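Q: Line by line, the protein sequences give chains A and B. No gaps in the numbering here: position 289 of the first sequence is 312 in the numbering used here, and each next residue is one more. No gaps in the numbering here: position 245 of the second sequence is 387 in the numbering used here, and each next residue is one more.
Heads up, some of the hints might be wrong.
[Stated by the list, open to error] For each label pair, taking beta carbons as the anchor points, the in silico distance ranges come out as:
(1) A:140 / B:240: 53 to 61 Å
(2) A:323 / B:245: 18 to 26 Å
(3) A:134 / B:258: 46 to 54 Å
(4) A:301 / B:365: 41 to 49 Å
(5) B:216 / A:74: 26 to 34 Å
(6) A:268 / B:271: 29 to 37 Å
(7) B:357 / A:322: 49 to 57 Å
(8) A:301 / B:325: 13 to 21 Å
(9) B:461 / A:135: 49 to 57 Å
(10) A:89 / B:216: 33 to 41 Å
(11) B:239 / A:204: 25 to 33 Å
(12) A:109 / B:325: 27 to 35 Å
The hints are simulated quantities; they were obtained by calculation from the structure and are not laboratory data. Given the structure is predicted, the values throughout are model-derived calculations rather than measurements. Built from N, CA and C at the ideal position, the CB exists for glycine as well.
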Amino acid sequence: MSQDDGATRMVSLPTGERVLPPVPGSGTGLLGQPAPPAEHPPVQGLAVVVGSRPVSAYTELTLEAPDIAEAARPGQFVAFAVGGPTSAMLLRRSIAIAGVGGGRFSVVVSAKAAGSTWLAGLRPGDEVDVVGPLGRPFPLPPPGTPALLVGGGYGAAALVGLGGLLRSRGHEVAAVVGAGDEDRLCSVEDLSAVAAPFVVTTDDGSAGRAGRVTGPVAELVSGAGVVYACGPMPMLAAVAQLATDRGVPSWVAVEESMACGVGVCMTCVLPVVGADGRSRFARSCTDGPVFAGDRVRFADVGTLPPDLLGADAMTLAHTPAGEGETP
Amino acid sequence: MTMLPEVELPSVDMQASLGGVPMVSPVLTASGCASFGRELDPFFDLTSIGAVVTKSVQLRPRSGRATPRMAETPSGMINSIGLQGPGIDGLLADELPWLAERGVRSLVSIAGARTEDFAELAERLRGAPGVLGIEVNISCPNVESRGEVFACNPDASAAVVAAVRAAADPAHPVYAKLTPDVTDIVSVARACADAGANGLSMINTLLGLVIDPDTMRPVLGGVTGGLSGPAIRPVALRCVWQVHAALPNVPILGMGGIRTGLDALQFILAGAGAVSVGTAVFNDPSAPARIHAELADALGERGFGRLADAVGYAHRAPDEGSPGRHR
Ligand SMILES: Cc1cc2nc3c(=O)[nH]c(=O)nc-3n(C[C@H](O)[C@H](O)[C@H](O)COP(=O)(O)OP(=O)(O)OC[C@H]3O[C@@H](n4cnc5c(N)ncnc54)[C@H](O)[C@@H]3O)c2cc1C
Ligand SMILES: Cc1cc2nc3c(=O)[nH]c(=O)nc-3n(C[C@H](O)[C@H](O)[C@H](O)COP(=O)(O)O)c2cc1C
Ligand code: FES
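Only chain A is shown next, with the shape it has when bound in the complex (with noise of 0.2 Å):
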C-alpha cells in the first residue's frame, strides 16, 4: 500500500543524512516530490515521564525514550496510549515531537477531551506507553536554500527541531508563528532563538501582529526557496497556495484523525496527488504527516473525489456503511 515509496531520487550527503535534490516533481507539474519514508522503523515502549511544565495553554512533557530519541527526525510523531492499561479509551494519541536530546524527547500537548487531558495531566515518575517515532520527516533543502517556518498553534513546536537543524546546516531560517490568542501560541522562544526575521500573530491582536499568519507569510515567502508548516489544516492549505503560487515549494505536516498511528487502520487518509500523478487516500500516518504542499487537495479533504484512484469502485456509496467494513 505504500504508494510513493522509492519514486523518489534522494541525494547523500557526506553526513550519510538525505536530502531531495532540487527537482521539481516529475513530469506532473507539481513542486514537491513525495516525502521519503523515514530511514528507523518505529519501537514501542514504555516512557518515563522526567518533566512536565506548563507552557501559556498547554503542557510540555519530557519522556526518557533512547529508541526514539536518537532515532527521531523533525516532522516525526508519537502514539500515546492513554488512560492506563485497562483504559477504555483504546485508540492512540498522535503528538508531533517538539525536540530531542539526551535520550529524551519532547512534546506539547494540547488538553482537548478526555485522552488528552490524561496526557498532560502525567507527573514526573509516571509511565507512559509510546510507539515512535512515526511518520515521514520533513524532507531538508539543498544547501543554501533559505527556508520560512510557519507554525500555528500548537504545530509550531513540530518545527523547533527543525528549525535548530537547518540553522546548523548553514540555513537561513526565517518563521512566523501564529494562534488564536496569546495564551495559544506555542514555541516563540525557542524559533525565535533560530529564525531571522520572527513574526508573531494572533487573531486578536493580544500578542504580535493582529490577524493570520498568512499576512507576514505572503510577504515572506518570495525571499524563501522552501516552506515548512506545520498547524491547523486552514492553515496548511492557506499557506501551501502562497508558496505555490510563487513557485516556492512547500512541506506540510498534516493532522488528521488517526486510530492506530501506525498504518493498519486507513482511518486517517486525505486526498494526495502521488508520484505518478494519479490521486489517491493516502494514510497521513505512514505516507505523512509531511506532504509537498501542492500535492496535498486541501479543498477536497472530507469528501471522495471521483477522480480518485478506485474512486469508481464505490458504485454502492450512498448505501449506509453497513457491517464492519461495507462499502
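Add chain B with the ligands to chain A, keeping to what the hints say.
A: Relative to chain A, chain B with the ligands alone:
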C-alpha cells in the same frame, strides 16, 4: 524487533488448525486491523502468529469512503472505511509476495458485491504463495438483492460459500465471516457449513452510530459504521457459544474485543479453535504476540497440556470434570 518466544510455557502445545491446516499459533490478526501485515513487522515476529488476516480485497482497487472514518466509543470504536484497498491485482503483485518471502502465512479476506465476484477472487488466489486459506467477508451489500447484506440471509450466504468453495484451491480452507446483526446466527452458520464452508469466522462488527453533539449530525462520512473492540466481546462470545453448541464439528475463528490472553481463553473455552485480534492492535501493535504468550500461560496455569483440549471446554456438563481435572 520484539521476538517473543513461540511457546511461553513449554508444557502447553499451542498448535492450532485452520480447517485442518496446521498453524504454529491459534492467534491471528483480524481483517482490516493489520492492513497486509507489513506495518506490524517492526513490532513482533509475524511468523510467530497463526496467520496475518489481510484487509478484505475486492476485484478492483477501491478508494474507500470520505473521512471522518472513525469515532472512538467506550471500550471500542466505530469505523466506516469502505474497504479501501489495492484490489486483487495489487494484492497478488505486491502484498502476498512480501509476506511469502518472509515465511509469513496469510488468510486472505475477500469481499464482493455479487456471488460471481467472490468466486473470481477465490479462483485468482489458487496457488498464491503463502496463502493458508480464504476468509469470505459476506458482510457486504449484495447488489443483486437491493443491497441486502449477504450474511443477513442464509441462502445468499450459502450461495457465496458454495461458489467460493467450488472455485478455490482445494488446499485452501474457506472460512465464512458472519455478522452478529441477525436474529438467528445459528441458521446462517448452518447454511454456510452445509454449503461447504470449512470454518466460520465470527464476529464482524455490529452496526452502530455516533452523533456529534456540536454539529448535531452523524460523525462518520458513511453515517453508520461498524462497532468493534472490547465493548462487543460479550456479544461475540455469545455467538461463538451458540454456534459451537449447535455445530460442534465446525471450526470457529473467534473474534470481537480480544485484548488479553484471558479474553482469548474465553473464546477458546466457548468453542473457537483459533482467535483473531482486531481493534486491540490499534491500542497495542504487538498485541497478537503478547496475547499468544498470555494465552499459553493461562492454559498452562489451568492444567491444559494442549490448546486443543481447551476448545469448547466451557460446554461440558456440570458434573463432567472441573478445571482441577487437568492439574
Ligand atoms: C501527526 C499529528 C501530530 C499532532 N501533534 C499534536 C501536538 O503536538 N500536540 C497536541 O496537543 N495535539 C497534537 N495532535 C492532535 C492530537 O492527536 C489530538 O488532539 C488528540 O488525539 C485528541 O485526543 P482527545 O482524547 O483529546 O480527543 P478525542 O476526540 O476523544 O479522541 C478520540 C480519537 O480521535 C483521535 N483524534 C481526535 N482529534 C484528533 C486530531 N486533531 N488529530 C489526530 N487524531 C485525533 C484521537 O487520536 C483518538 O483516537 C496531533 C495529531 C496528529 C495527527
Ligand atoms: C478499522 C476496521 C476495519 C475493518 N475492516 C474489515 C475488513 O476489511 N473485512 C472484514 O471482514 N472485517 C473488517 N473489520 C472487522 C474486524 O475484522 C473484526 O471482525 C471486528 O472488528 C471485531 O473484532 P475486534 O473487536 O477485535 O476488532 C474491521 C474492523 C475495524 C475496526
Ligand atoms: S492512523 Fe491508522 S492507518 Fe493511519
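Q: If a hint holds in the structure, say so; if it does not, say that too.
A: Hint by hint, here is what the structure shows:
1. A:140 / B:240: 53 to 61 Å: 40 Å, violated
2. A:323 / B:245: 18 to 26 Å: 41 Å, violated
3. A:134 / B:258: 46 to 54 Å: 53 Å, holds
4. A:301 / B:365: 41 to 49 Å: 28 Å, violated
5. B:216 / A:74: 26 to 34 Å: This hint holds: roughly 32 Å between Cβ atoms.
6. A:268 / B:271: 29 to 37 Å: Check failed, 50 Å falls outside 29 to 37 Å.
7. B:357 / A:322: 49 to 57 Å: 20 Å, violated
8. A:301 / B:325: 13 to 21 Å: Check failed, 44 Å falls outside 13 to 21 Å.
9. B:461 / A:135: 49 to 57 Å: 56 Å, holds
10. A:89 / B:216: 33 to 41 Å: This hint holds: roughly 35 Å between Cβ atoms.
11. B:239 / A:204: 25 to 33 Å: Given about 54 Å between the Cβ atoms, the range is violated.
12. A:109 / B:325: 27 to 35 Å: Taking Cβ atoms as reference, residue 109 of chain A and residue 325 of chain B lie about 34 Å apart, which means the hint holds.
Of the hints listed earlier, those the structure fails to meet are numbers 1, 2, 4, 6, 7, 8, 11, in rising order.
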